[in-house]
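4 protein chains.
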Amino acid sequence: MTQTTTQTTKRKLKTPKTYMQGEPLSPWRELVYEVIFEADTFAGKCFDVGLMIAIIGSVIAVMLDSVETIGRVYRQWFFYIEWFFTILFTVEYILRLMCVRKPWLYAKSFFGLVDLLSILPSYVALFFTGAQSMMVIRGLRVLRIFRIFKLGEYLGEAHSLIRAMRASRAKIAVFLYTVFIFVVIFGSAMYLIEGAENGFTSIPKSVYWAIVTLTTVGYGDMAPHTDLGQMIASAVMIMGYAIIAVPTGIYSAELAREYNREVTNTACRNCGEEGHDPDAVYCKYCGALLHPE
Amino acid sequence: MTQTTTQTTKRKLKTPKTYMQGEPLSPWRELVYEVIFEADTFAGKCFDVGLMIAIIGSVIAVMLDSVETIGRVYRQWFFYIEWFFTILFTVEYILRLMCVRKPWLYAKSFFGLVDLLSILPSYVALFFTGAQSMMVIRGLRVLRIFRIFKLGEYLGEAHSLIRAMRASRAKIAVFLYTVFIFVVIFGSAMYLIEGAENGFTSIPKSVYWAIVTLTTVGYGDMAPHTDLGQMIASAVMIMGYAIIAVPTGIYSAELAREYNREVTNTACRNCGEEGHDPDAVYCKYCGALLHPE
Amino acid sequence: MTQTTTQTTKRKLKTPKTYMQGEPLSPWRELVYEVIFEADTFAGKCFDVGLMIAIIGSVIAVMLDSVETIGRVYRQWFFYIEWFFTILFTVEYILRLMCVRKPWLYAKSFFGLVDLLSILPSYVALFFTGAQSMMVIRGLRVLRIFRIFKLGEYLGEAHSLIRAMRASRAKIAVFLYTVFIFVVIFGSAMYLIEGAENGFTSIPKSVYWAIVTLTTVGYGDMAPHTDLGQMIASAVMIMGYAIIAVPTGIYSAELAREYNREVTNTACRNCGEEGHDPDAVYCKYCGALLHPE
Amino acid sequence: MTQTTTQTTKRKLKTPKTYMQGEPLSPWRELVYEVIFEADTFAGKCFDVGLMIAIIGSVIAVMLDSVETIGRVYRQWFFYIEWFFTILFTVEYILRLMCVRKPWLYAKSFFGLVDLLSILPSYVALFFTGAQSMMVIRGLRVLRIFRIFKLGEYLGEAHSLIRAMRASRAKIAVFLYTVFIFVVIFGSAMYLIEGAENGFTSIPKSVYWAIVTLTTVGYGDMAPHTDLGQMIASAVMIMGYAIIAVPTGIYSAELAREYNREVTNTACRNCGEEGHDPDAVYCKYCGALLHPE
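Chain order of the listed sequences is U, H, E and Z.
The letter at position 195 of the first sequence is residue 195 when you use this note's numbering, and the numbering goes up by one with no holes.
Take any residue in the second sequence, count from 1 to its spot, add 293: that is its number in this note's numbering.
Take any residue in the third sequence, count from 1 to its spot, add 586: that is its number in this note's numbering.
Take any residue in the fourth sequence, count from 1 to its spot, add 879: that is its number in this note's numbering.
It is worth saying that the hints were derived from the structure and are not from the lab.
C-beta: ideal position from N, C-alpha, C; glycine also.
Fair warning: there could be bad hints in the mix.
Computed, partial: chain E to chain H, Cβ under 8 Å [said to hold, decoys possible]:
1. THR676
2. TYR794
3. VAL798
4. ILE830
5. ALA842
6. CYS872
Chain U with its partners taken away, still in its complex shape:
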């Protein structure tokens, strides 16, 4: 979804040069910056793990809060927990803004917006306390679950996956485009054949059925009842079953190419041969050290 180049991946994402370039910051901002944005120091690692636990904790709290039987009994507790996490994330947000050189740039970035949205609902809910706006508040309270997006920044490791996905983007788009044409055609056909009396009340609903069928989900809330409808449904299913091969094939082939590229990036400085495995220490052709420093 997001990332970049080497091992310090996610850190670099949040600190593009624009945030830190120019004259040095004051010592304490430097320190806070290191703790919050870098993961190299011990304090930085502690902060990362602590924040991750806080995110997951707050997400679990929102989930349990939504369960009728739990939410009613422990209402008071959830109220305290909500504000604990809200204040925690607010402090974190303010610190982040303060220690970067260009706060506005950070505030506009994807994770800056996620940080803001993860604290906003609680504050806004303060102003809608009338009994008539219960639903709005519930909606706002649920929105806090989007804090889970904050976990996104822990997604390292995904280098080759994302590169292969980006490389096959155009082909996947063609695939989805074809799928889109087919579900519209088959949905309309089923609307004509089955009709409203069998649950196919409109074309959009029939297209929804075609998607449910082609993707092999098959809820069963809408199912063909006429003979002709069942024949067409069979065709859609077998088609869905066969064309699932297409994105898989695209992605497999792309990833295999990606892997090959990974292997052949290092050249031996002694004999110049390439094609060394990622874990190789010595050149397999001449026995020289691959990374001599």
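Following the hints, position chains H, E and Z against chain U.
Frame of chain U; chains H, E and Z shown alone:
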């Protein structure tokens, strides 16, 4: 999402040599031809984008028209919209026919037929206005959704996808043939075991169930109730789960081969054939030197 | 499922050397043999196509016969059709037995048994005409659908598919074995958690549910209702979703290896280099003819 | 189906050096050890096959016992069978403990625990015979089915499968992590949109629905009813249909790499490391010549 620039793919599709060969056309037909069939000029690109928007717009109109609650209220509006698009596509169809050298050849081509079918239903509906033929008209009105096929011509990018599909055609056919034999066998077996009292009222219906199960769609409108039936269903499911590997494997392997081949676009200067391996020195079809200098 | 080596695949299957070895047959048996077992002559091809149509026709007849509304009205017609096909296949079976050198060997082969079983039900049904044995007869009548197995012999083209399948057999077995252990474990766990009141009435039924879920079929006739049950079900689903990669990966890798082997089978007689594409006429390294005769 | 001969895989699993190292055992313990832990001798093979039959037999017994109609009628028989297998596995467990050099190490190993857990439930059930604890006993009786884990040790052949799985572990984790974020997001969105009146009573339940949909299982016990809900559901389905390509692609590419590597089992004579490419001349880990003659 769609459009590609590379080789002029789709244009070639619509203008095989037969349409344009021979003596030059009159200047204005030449101009119309360029705007409608080519995408190189600015006017041509505008036309393409405009037509695409019109197609999608008309498809959305037909879809919304079919929704009971919307269709009843805005009946008049949908009537106007329908005729606006019908006239637009009629003009486009006539222009296409006029500016190609062999109109009949174009009219018989796939996209020629699609163009005709996308305007025909509206005109035919004019002659069936009696109250008794409401269903026919509804059917005709819905048929207009097949205009979405007109989008097909924007499918560039699909070169290697389609080539790999064509290359694996025979193997996919064998696969579908085997699947067909299995669903008939298992469907008949379930008809005998479960019988009409559990919903397996006939062999065709049981075969339909077998397809629903093998493709892992699983509506649940028919499900085995006897112990033996559930054992056989389990076998069908695991089989379906395992053999989905077959088309995927075929297509992946074919696409990987296609990717490897992609590297060389070299055409032999002797016979003009393409598809030579990167390390090829001589043309594999005629034996001539590939790079004679 | 079955086959062998080169282009005359399926023919060779039915005529292993044991059938034809030794002294020559009488001329008319030789002729019948050629028509029935070989596909090289015009008569042989006609016979093949005719037989294929007859098989499909008889299968469709059995299927339609089972549909209540059709079967009752056209009972007489289906009776005639059944006996027409029965006599046709009987004649074919007798001819096959007569023109091979070792009838007993043929009768015991897979397709020999299929041929016999496709005519037997009709004859056996003659002796069970009492009203009390209607169900047995229905069963016998339905068994005729297994004639579809006779189509199996038209499965050529499947060379590399079957070879790749055979090569990955051991790995697929390990995979199914693991799946088997998991569905038993998860099924039993759900039996304990959900219990009979939620439809999980016994361990075999719960194992059936686990198979339905792991293979992503999901009928919905049994679904978890307790919170813990839904958590375990989620684990099963995600596991099923992730491990479908295993057979696909196995088969893709095996097929890719198969494809590579296909490519490198021909060596140039001039320079000795291998790795020519299947459609190559000239050696791509030295330009010599690959198959000089 | 199972057993392999090649490298003594599973044997090595159960007899790491710690079990057998040091001074020789007494002759009869040596003999028992060979029969139980090794599969090379005739007696050892007989023991393996016998144990496998016993495991499968006991698992089938537990499964049938749970079927109401069978379990009630043959209660006495199942009681005898249960104790027969319990005593058999107890003897086996004691013998295993006696003939290894470090019983405690074996008892703590995975298969040591499985062996213990497969006999424990029966013994514990002896002490809970009061009528009020029927459910506990049923639970204990069902737990015996976990004996199926004892089959795990027959899983040889799985070398390259497991190695490829381990190599792609990090990537699969990233994939599952992303899936987890998405199902929480989409589940919460559906909770807001559909609400309790359409069955989406809480966020955890809605997340359960998102998992059911994304994995294309689709029970149909919860399905969207509002238009917006069906649109989001369509997005989830198509996403699920497209991203199933990711684990498959990862695993295929990894397995293909594994296959290529399989060719060479050469170990370096200097450092003992394996996994060298077929064309390697020097060890890639220590730089020593691989074939020094």
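We went through each hint and held it up to the structure:
1. THR676: 21 Å, violated
2. TYR794: E:TYR794 check passes; min Cβ-Cβ to chain H is 5 Å, inside 8 Å.
3. VAL798: 7 Å, holds
4. ILE830: Status holds, d = 7 Å.
5. ALA842: 4 Å, holds
6. CYS872: Constraint on E:CYS872 satisfied, holds at 7 Å.
The structure does not agree with numbered hint 1 stated previously, though it agrees with all others.
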